[in-house]
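Chains as they are written, first to last, in the numbering used here: chain A, 10 to 508; chain B, 10 to 508.
Hints were generated in silico from the structure; no laboratory data involved.
Each hint should be verified, as a subset may be incorrect.
Remember, identical chains collapse to one label, so a pair may be satisfied in a single copy or spanning two.
Here are the simulated lysine-lysine pairs, DSS-like style, with alpha carbons at most 25 Å apart [as the list claims (entries may be wrong)]: (1) K166 - K280; (2) K407 - K69; (3) K127 - K247; (4) K232 - K247; (5) K399 - K37; (6) K37 - K351; (7) K407 - K37; (8) K437 - K470; (9) K348 - K247; (10) K359 - K37.
Protein chains: 2
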Amino acid sequence: MEITPDRIRQLLFPKSVAVIGATNYFGKWGQLIISNIVAGGFAGPIYPINPRAETLFGLKCYKSILDVPEDLDLVFIAIPAEKVMDVLLECSHKGVKSIVMITSGFGETGEEGKSLQKRVVEYCSSKNMLLVGPNTMGIISPYRGLFATGPHTRPKKGSVAFVSQSGNLGNQLVFWATQQGIGISMFVGSGNEAMVTYRNFLEYLEQDPHTEIIVLYLEELGKGREFVKLANGITKNKPILFLKGGRTASGAKAALTHTGALAGENKVLGKAMKQAGVIMVNIPSELLELSAAFSSVPFPKGNRVGVVTLGGGWGVVTSDLLEEMGFVLPELPKDVIDKIGKYLPPFWSKTNPVDLVGTRDPDAPVVAVEELIKLKEIDAIIVLGIVGRKEVVDLLLKSVSEVDPDTPPEFLKKVEDFSAQYEEYFGKKMVEFMEVYQKPIIGVSLTTSVSGMVREVGGCKYKALFYQSPEQAVRGLKAILEYEMRRNQSMPLSPMSDL
Amino acid sequence: MEITPDRIRQLLFPKSVAVIGATNYFGKWGQLIISNIVAGGFAGPIYPINPRAETLFGLKCYKSILDVPEDLDLVFIAIPAEKVMDVLLECSHKGVKSIVMITSGFGETGEEGKSLQKRVVEYCSSKNMLLVGPNTMGIISPYRGLFATGPHTRPKKGSVAFVSQSGNLGNQLVFWATQQGIGISMFVGSGNEAMVTYRNFLEYLEQDPHTEIIVLYLEELGKGREFVKLANGITKNKPILFLKGGRTASGAKAALTHTGALAGENKVLGKAMKQAGVIMVNIPSELLELSAAFSSVPFPKGNRVGVVTLGGGWGVVTSDLLEEMGFVLPELPKDVIDKIGKYLPPFWSKTNPVDLVGTRDPDAPVVAVEELIKLKEIDAIIVLGIVGRKEVVDLLLKSVSEVDPDTPPEFLKKVEDFSAQYEEYFGKKMVEFMEVYQKPIIGVSLTTSVSGMVREVGGCKYKALFYQSPEQAVRGLKAILEYEMRRNQSMPLSPMSDL
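Only chain A is shown next, with the shape it has when bound in the complex (with noise of 0.2 Å):
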């Protein structure tokens, strides 16, 4: 059976969908998988299957699929491993095209769960019924509406495709998208890859008009000459950011592959993989830093950097690490010094990094960013404590509220109302400028983001981004950089240093 992107996209944009073992007990996968879809509001027609229930979740439930009136696309499966064959059998029967193994207890397990699998596999193939798992914890496809995954986050529509083989941990990366803001075009836990692997998911990827960015946690490589020669391709049009479970001989334990023994061979396909200019990363929240820089600003041309701060101390230490990890501050010239010079007190540092010294001018972080932006000596700006200013304002309104009987509440609820405001304005001007420019900018808030790292504004193909800390903000711009010289065949400057 041939698996072609045309089936992945079958797989993901299904018109009807059944869960088998759905279940309104509490916790269960049946439950999870089926209240998941429904509460994500997938729009289509939803069959939930269970001999025993007469409604689920309002819906009419069916004893066996086989009952459904109507055509069934994707059928997603939750019951013990050993009743799997007989609703394969139904399923054949119905005709459906994909179905979405939630069912663990196979080749995990030992040698009786491997041949299951394989007669599983096999079974599936001569009915060229499209298999996804076993023992994966669910897909998401946001375009199509559809979240069926044992988490019951829902991620909103974008441009980053999450592929891992490990459930818990991809869930968990499209948990931290959510709260960051960071918009997603698919996820799949692809679990044991019994017949659909990895490979299949990239070679849709590559095609699919929504996905510009393709995050991968992956354990078990297969044929990874195939995955090189693939993403050798993909990565002149899309990057990769790749984290590879079980490098070492405990994480290749825990991760049961046993192939602890083969570090030498991993450590060839590692460098081919670079060569191929996958992204290799080694610590799971660097998959999501890197894909909020790659969905959200345009590409810098060069590793000229202008760095606007709030506050000295933050200037000295962004500084640091640009110049670490291989970046340049260039000097500024003095018509720049002048026009910003305007909205500061005398004694400012006349140099880049820019340090606002604590000004209050509403109007000098704008005019700062914009007048090094403009800069053909400068390629990139980071900006910090601009944004993330308002938590300190409001703590000190509280303050006043509490002890000065003479400030009138009003005052300060304007106070309040103008510093949100501001934050918005910022981001806004933000976008409006990289539109302008085609630079980036990347802003470090210096708080912990409760309104997430990547922020919308409406109608605009970039995205206002925060980072919390400079060295986030740093390592996502030297991504975007190695990306983009790769991709015009320029010199790569040194791999990208470790912090």
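Take the given structure of chain A and dock chain B to it, following the hints.
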């Protein structure tokens, strides 16, 4: 004038305070400081000084400190630089012991400022008045209930001391510490260090019974060799976490220290500091992460780690990071496997990491952690995904309440309460095990930890510690292990690898 630890103690534990330049003009330094002291609840007389106000923040206002009826221990000065000499004269007449000079426009601004700064120091010295700053963002002394910084962050009492030459960076660290539940013993923005330097604070902190961990941000080392000598003594009992601003030419230029040419000397000093046991970091947030570990858990005696995880992928990632940073994951004895196995499905991994395979038995994580920490072959535990799961449960509860007419709301409420209580219970258990077995248990919540990284458990020496992601846990563990090994004069491990 001799700056002894006793003088620093006087500064941090004043009986009375005055603010020269106090105002309720929103956002001015004179307003920020006085309103913070008042709202922070300083338990002693507070005197606002301003010739043009009758009352401020509900307190009687004085035209000059000479009008204040009582003795004054500590005076904050927040008036323009050119008026400073006049009020210093008044301070000396009044017999003021310590001055924190918020005012900027001195040594950091050029030749004129430098010469004024010199006069200020000479005058204060001659009158035996201790001078912090100028150009400082203030001090915090939680054990005296004194919060006197620009930002109104009020960290709780604890064991971490912060000394920062950059006010904004230092204040931000304290802000993060407050959010993350890390208690502090003091904070000082040492500013221009015209008289009192970071070394004076270090001498005090070495003796201060409240301080167990010292966090330093410095741009200008001054007498570096004295620092190394001092640090060498301190680190035997108290770890010093140190971030040097201006390591690179760009950073040094931004710091206006103009020591960029002395990069070689910086390198030599850096080496000497490492030998003196100073823990050097390059990233501000790492100062926080590491202080959380140092101030919360017992230090490990070796590099053998047991991992308990809710979800295999996180176990794999953590195992890789542990091995890459010099840790080992010992195999588990058969009887321990049998005991843990009673709580898990038959196909569980039976190895270290212990993957709890999504079990919902509330006893399983507790039993697994205790069985591992008991083992003489294990020095430390990392436990992932148990605390933090609540966020996922809450999402599910929301879905079910929206789409399941058959599940009674009381049931959902019960699940919600149980999941919250369980997280608290599990944190308590972690602390209890640490007290009994004297080995660190480090949690990874995988969430944004709205409750903070550090959670106190009433009456206990240790605290429940939850990092957001595994690399933070591994870095934290590595830092406390290296410190402990050095202190025990054992063979040090290889230097902390970079992630």
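request  = Give the relationship of K407 and K69 under a CA distance limit of 25 Å: within one copy only, between copies only, both, or neither.
outcome  = between (53 Å within a copy, 22 Å between copies)
ask   = Under a CA distance limit of 25 Å, which applies to K407 and K37: within one copy, between copies, both, or neither?
value = Between copies only: 16 Å across chains, 45 Å inside a chain, cut-off 25 Å.
key: Alpha-carbon proximity between K399 and K37, which holds within one copy, between copies, both or neither at 25 Å   = between (43 Å within a copy, 16 Å between copies)
task = Classify it for me, K359 with K37: is the Cα-Cα distance of at most 25 Å met within a copy, between copies, both or neither?
result = Classified as between; 24 Å across copies, 62 Å inside a copy.
request  = With 25 Å as the alpha-carbon cut-off, assign the pair K232 and K247 to within, between, both or neither.
outcome  = within (21 Å within a copy, 52 Å between copies)
query = Using 25 Å as the alpha-carbon threshold, which applies to K37 and K351: within, between, both, or neither?
reply = Close across copies (20 Å), not inside one copy (64 Å); limit 25 Å.
message = I want to check one pair: K166 and K280. Are their C-alpha atoms no more than 25 Å apart within a copy, between two copies, both, or neither?
response = neither (33 Å within a copy, 50 Å between copies)
inquiry  = My question is about K437 and K470: at a cut-off of 25 Å on alpha-carbon distance, are they close within one copy, between copies, both, or neither?
reply    = within (12 Å within a copy, 48 Å between copies)
ask   = How would you classify K127 and K247 at a CA-CA limit of 25 Å: within, between, both, or neither?
value = neither (34 Å within a copy, 59 Å between copies)
query = Is it within, between, both, or neither for K348 and K247, if the alpha carbons may be no more than 25 Å apart?
reply = neither (40 Å within a copy, 48 Å between copies)
Checked against the numbered hints above, the structure violates hints 1, 3 and 9; every other hint is satisfied.
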